[in-house]
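Residue numbers (numbering that gives the first Met the number 0), protein chains in the order written: chain X, 0 to 119; chain F, 0 to 242.
Do not take every clue at face value.
[Stated by the list, open to error] Some chain F residues close to chain X (C-beta under 8 Å, calculated; not the full set): (1) A4; (2) Q7; (3) G14; (4) G153; (5) V188.
[Stated by the list, open to error] Computed footprint of chain X on chain F; a stretch qualifies when at least three of its residues, placed anywhere within it, have a C-beta under 8 Å from a C-beta of chain X: (6) 69-77; (7) 118-124.
Derived by calculation from the structure, the hints in this document are not laboratory data. No experiment lies behind these values; they were computed from the predicted model shown. Glycine is no exception: its CB is placed at the ideal position from the N, C-alpha and C atoms.
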Amino acid sequence: MPLIMGMSMLLVCQFVGELVARGLDVPVPGPVIGMVILLAALLVFGKVPDNLRLAGEGLLRYLTLLFVPAGVGLIGHFGLIGADLWPIVVTLVVSTAVTLAVTGRVLEQLNRRRNRRVQL
Amino acid sequence: MNIAAFDQLWVYLSGNPLLSLLMTLVAFAAAVRIKRALGGSSLFHPVTLSVAMLIGLLLLVDMDYATYFEGAQFIHFLLGPATVALAIPLYDHREKVRQLLWPLLLACVVGIVTAVGSTLGLAALMGAQPETLLSLAPRSVTSPIAMGIAEQIGGIPSLAAGLVLLTGSIGCIVAPWIFRVLRIQDTAVQGFTLGLAAHGFGTAHAFARIGAVAGAFSGLAMGLTGLVTAFLLPLLIRLAGLG
């Protein structure tokens, strides 16, 4: 039963998230709103219920597997990818490198300015 | 006893969701083994590897994506609840988030604007088509969120998911080199940066290669980036006049 309860909690949050996204016509995916709802609920409740942790962490442990079916969808876009091959390759490599460099630099500087190490 | 002709058997099986569901799980399990056998090199991520194997297999047996997806959708469906579940690690790290809220938020917004800006700028400069452009835009966000965003702004969700996967593997390959050049040694900063630019791949990499501190901050960055991008990107797209 705990797995069913935990999964139901996740699905309820997603369901309400979808309702909010569609109902209010917000340009944000339903599950993302569901995530905010769950976070707010956890902050109010004050702890993560065991059955929710069981279901949630189980899903997150296999998160990478869940990407596979969508990734295989690339098969339908060989035409578009072929036509835009160089823009895609150059953009992916250069922009990822620039993003890493800029983010790392900014956070490092902000951290240093606070003049203290990150505490854990 | 009558043995059914092989092609009849194949017609039955290939129309049955069981086959593609099984194929996906077996391909993933095999990819994890292969990666382990190759010494855990970040060049071959189990996801990229299993996607490549499955695409090869589908082309080989001439199965179209819609038929494949009939079985694979059971796995795909779980992305929704998994996205919701990202709230759990965010909640677990709420104290750290509160302490570093402003530096992290600022770095997150700067990172996202850099990612989206450089992506759109470069791709447009090199003459990519609008669908490609809009599918590239959310590429540094974890795929369940990226697919939702792509759908919202008029990109192609499955193309966006594939580009997200490629971004993740590229990020893990170039990150160590960039950290060395810029002399970024703080593991929390390394982790957060990886999670922002390379989402779940970066987080897995941070946990495995840098340590628990980096992993925690990377998971946080992944969740935060997804959340902030989901709100920010539709606005940026409208500002850029693409929407």
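For which of the previously enumerated hints does the structure constitute a violation, in increasing order of number? Numbers 1, 2, 3 and 4 - these are the hints that the structure violates, sorted from lowest upward.
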